[in-house]
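Going down the list, the protein sequences come from chains Y and L. Following the numbering used here, the numbering of the first sequence begins with 1 at its first residue and continues without gaps. Following the numbering used here, the numbering of the second sequence begins with 1 at its first residue and continues without gaps.
Everything labelled a hint here was simulated from the structure, so no lab data went into it. Take the hints with a grain of salt, since some may be wrong.
Listed below are the simulated BS3-like cross-link pairs for lysine-lysine, each with C-alpha atoms no more than 30 Å apart in a straight line [as the list claims (entries may be wrong)]:
1. L:K171 x Y:K341
2. L:K279 x L:K126
3. Y:K61 x Y:K135
4. Y:K340 x L:K175
5. L:K171 x Y:K244
6. Y:K341 x L:K175
7. Y:K91 x Y:K103
8. Y:K244 x L:K175
Pair by pair, the computed Cβ-Cβ distance ranges are [what the hints assert, rightly or not]:
9. Y:P243 x L:S99: 38 to 44 Å
10. L:L172 x Y:Q83: 36 to 42 Å
11. Y:I354 x L:L116: 43 to 49 Å
12. L:M130 x Y:G154: 44 to 50 Å
If we take Cβ atoms under 10 Å as the criterion, some of the chain L residues that face chain Y in the derived model are [unchecked claim]:
13. T46
14. A165
15. E253
16. G293
17. I300
18. P305
For each residue, glycine too, the CB sits at the ideal point set by N, CA and C.
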Amino acid sequence: MNNKKLRTLFASIMATVIVATGCGQAKDGGSNGGNANSNAEPAAQTIENLPAAIAEKDEIKLMVIRKIGGDDHTAQFLAGAKQEGEALGFKVDTFSANGDTAKFHDAIAQATDGGYDGVVISHGDDPATVEDVQKLTDKGIPVVAFDSVGELTGIEGVTLTSQDDEALAQYALDQLVKEKGDQAKIVYLWVDGFPPMVRRNKVYQDTLAKYPGIKEVERFGVASENTSVETQNAVAAMLTKHPKGEIDAIFATWDAFAIGAARALIEAGRTEIKIYGIDVSNADLQVMQEENSPWASTAAVDPKMIGAVNVRLLAKKIAGEETPSTYNLEAALIDQETLKKSSEPVNMVSLADIVPGWGTTDAFEEDWMKALKEANGK
Amino acid sequence: MNAADSVREKNDFRLFQMLYKYGTLITILLLIVVFGALNDNFLSGTNIVNILRSISIVTIIAIGLTVSLSVGGFDLSVGSVASLANALVISMYVWHGQSFGLGIAVTIAFCLIVGLVNAFLVINFKIQDMLMTLATMFVFQGVALTYTRGATISQNMIMPSGDFATGEIPKLFAKLGQVPWIIVIMLVIVAAVHLFLTYTKHGRYMYMIGGNQEAAKLSGIAVGRYRLIAYLVSALFAAIGGIVLGARVMNAEVNAGGPYLMDAVAAAFIGYSVFGAGKPNAFGTFAGAVLIGLLSNGLIMLSVPYYAMDIVKGSVLALALAITYYKRTH
Numbered sequence: 001m002n003n004k005k006l007r008t009l010f011a012s013i014m015a016t017v018i019v020a021t022g023c024g025q026a027k028d029g030g031s032n033g034g035n036a037n038s039n040a041e042p043a044a045q046t047i048e049n050l051p052a053a054i055a056e057k058d059e060i061k062l063m064v065i066r067k068i069g070g071d072d073h074t075a076q077f078l079a080g081a082k083q084e085g086e087a088l089g090f091k092v093d094t095f096s097a098n099g100d101t102a103k104f105h106d107a108i109a110q111a112t113d114g115g116y117d118g119v120v121i122s123h124g125d126d127p128a129t130v131e132d133v134q135k136l137t138d139k140g141i142p143v144v145a146f147d148s149v150g151e152l153t154g155i156e157g158v159t160l161t162s163q164d165d166e167a168l169a170q171y172a173l174d175q176l177v178k179e180k181g182d183q184a185k186i187v188y189l190w191v192d193g194f195p196p197m198v199r200r201n202k203v204y205q206d207t208l209a210k211y212p213g214i215k216e217v218e219r220f221g222v223a224s225e226n227t228s229v230e231t232q233n234a235v236a237a238m239l240t241k242h243p244k245g246e247i248d249a250i251f252a253t254w255d256a257f258a259i260g261a262a263r264a265l266i267e268a269g270r271t272e273i274k275i276y277g278i279d280v281s282n283a284d285l286q287v288m289q290e291e292n293s294p295w296a297s298t299a300a301v302d303p304k305m306i307g308a309v310n311v312r313l314l315a316k317k318i319a320g321e322e323t324p325s326t327y328n329l330e331a332a333l334i335d336q337e338t339l340k341k342s343s344e345p346v347n348m349v350s351l352a353d354i355v356p357g358w359g360t361t362d363a364f365e366e367d368w369m370k371a372l373k374e375a376n377g378k
Numbered sequence: 001m002n003a004a005d006s007v008r009e010k011n012d013f014r015l016f017q018m019l020y021k022y023g024t025l026i027t028i029l030l031l032i033v034v035f036g037a038l039n040d041n042f043l044s045g046t047n048i049v050n051i052l053r054s055i056s057i058v059t060i061i062a063i064g065l066t067v068s069l070s071v072g073g074f075d076l077s078v079g080s081v082a083s084l085a086n087a088l089v090i091s092m093y094v095w096h097g098q099s100f101g102l103g104i105a106v107t108i109a110f111c112l113i114v115g116l117v118n119a120f121l122v123i124n125f126k127i128q129d130m131l132m133t134l135a136t137m138f139v140f141q142g143v144a145l146t147y148t149r150g151a152t153i154s155q156n157m158i159m160p161s162g163d164f165a166t167g168e169i170p171k172l173f174a175k176l177g178q179v180p181w182i183i184v185i186m187l188v189i190v191a192a193v194h195l196f197l198t199y200t201k202h203g204r205y206m207y208m209i210g211g212n213q214e215a216a217k218l219s220g221i222a223v224g225r226y227r228l229i230a231y232l233v234s235a236l237f238a239a240i241g242g243i244v245l246g247a248r249v250m251n252a253e254v255n256a257g258g259p260y261l262m263d264a265v266a267a268a269f270i271g272y273s274v275f276g277a278g279k280p281n282a283f284g285t286f287a288g289a290v291l292i293g294l295l296s297n298g299l300i301m302l303s304v305p306y307y308a309m310d311i312v313k314g315s316v317l318a319l320a321l322a323i324t325y326y327k328r329t330h
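My request is simple: use the sequences and hints to build the entire structure.
Following this line, the structure appears as structure tokens:
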């Protein structure tokens, strides 16, 4: 009796699942066709030089998967990728695993069988990512990775992009030495275990070797869900340990560190200590523009542009065009002086008016992409 | 011989009784002495302010949790509610340009509705509190995320429409997150809830419900109503915690309140043993938060790497629980 009930239940569930998935697919196909009629076909007619691989597809679906999340950089990166993809008339899905490694790999596995034409992977910093990417490329799905493990370059057809971390760290440290001298006593905010962090640390170690007078007084770094507040509390404790004059500057290798440190310095009234940071977000810009803000400069690459360039590279791959195996995104230095010159409060968009070249790049923007964007009305 | 034994036993017992009653406080004192001896600046006024400031948000949220524990409940959604409050209050100012008072009022009102939802589900469906609030924890976290579209809310931010957010966070609001106000708010809340739970009829009823719900019901206490109040209070303090967090950091990061849940739980459970209460109590929770805050601050001053800090924090929690439960079963 009981068994029978169970079996009926199971059967009905299975039936529902089958019907539901079946329907879903049918619908999907239908809408794809619809889209193709309204979008791609007129575009294909008017655009010359459109690579055949792009022109003959009804709809191109991209997936952007990012391991870390919860920060402004992620939101901007994903928005940049989505915007660029949609401007080209692609469908772009985005996913952030919020730092959960297992979820991240699940999402890639799902994308492998999800009928995507291309995948962007961000912050795949563990060896398992290499296997995942291998599986993707084996299925003929092109992959562009950002800030991920170096071994990915060993896989045929994958492009590994990164912010120019050496340049970022160099900009920040040069500014520090310029303003605070080569005898500065500094606090180092850094966390191990992420490829970009390792690269930034190398520049830091080289700088210490170059200027033996620079003394590291303290170091701290934790990458958690609550990084900025934990950094804030930690720096507050350091400030009581080291009274005025014992610390000249803070080198923060990540903006979440810098923003926490800035709040701690302001709270303690120790703004004579200056912060030299890496990465930028809108919240960071607000802190940098506050009166007496200790955050002197930050070196960064526009996260929106990173997303856009990754999508362009992916589009080139889908089109069957030549792409490099690595690409470094250009860095820029944003300093407080420049921000203060602006009469209006500066945010991530108006930054482009102040820092030359910010947020715009024609890297990998082919003529057919421009034409495609025009045809799509953007 | 027999007599001697019993005397020793008595002595042992008294020693243990004392340890139980004052164990947490003795640990706090010991830590202060040790850290103070190792670092001259530890006992400076500014550092004490630092410690109190660093624990204020955890304490406020933990007090809400304590109230839900007092009726035998367990509100796991406090962290999510704090995130939600943080996002709401900052967005009220930045997105909608509301005034200081209205921003806070709307935030608290919305979080009280959240408390109502919790209470409704827990009381009416008779689902275990911890399971139900675990579910609602995810729901409210998602609501906060959806509301902010997964981005950080800050002044002058770019809206999805491409415009800039023009609202400004009022100066008065920033004061809430600064010394002395942030500490004053915490102390007032601790004192008020302590007085309420220990010295009012309603507080004692709540403890009775927490002790034995059936007995409380049979003796004519409106169990449902008190549990409803407990969840409302819990949501209220989680909301205040989120608001104060917003005032301290002046933006709303994604899921900013989430990490406070575990520290709040730790503080509340360490608090069980303070003064031998053996039950959730506001003063004990405060002592628990002080203990955690002292540890993090002192260990940073000694330049202990952060990854070792969690070991110490967890060990202290285990010790406090060991003392509490050893007493209960012996």
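Evaluated hints:
no., hint, verdict
1, L:K171 x Y:K341, "24 Å, holds"
2, L:K279 x L:K126, "23 Å, holds"
3, Y:K61 x Y:K135, "18 Å, holds"
4, Y:K340 x L:K175, "25 Å, holds"
5, L:K171 x Y:K244, "28 Å, holds"
6, Y:K341 x L:K175, "28 Å, holds"
7, Y:K91 x Y:K103, "22 Å, holds"
8, Y:K244 x L:K175, "25 Å, holds"
9, Y:P243 x L:S99: 38 to 44 Å, "41 Å, holds"
10, L:L172 x Y:Q83: 36 to 42 Å, "37 Å, holds"
11, Y:I354 x L:L116: 43 to 49 Å, "48 Å, holds"
12, L:M130 x Y:G154: 44 to 50 Å, "48 Å, holds"
13, T46, "6 Å, holds"
14, A165, "9 Å, holds"
15, E253, "7 Å, holds"
16, G293, "8 Å, holds"
17, I300, "4 Å, holds"
18, P305, "9 Å, holds"
Comparing the model with each earlier hint shows no violations; every hint is respected.
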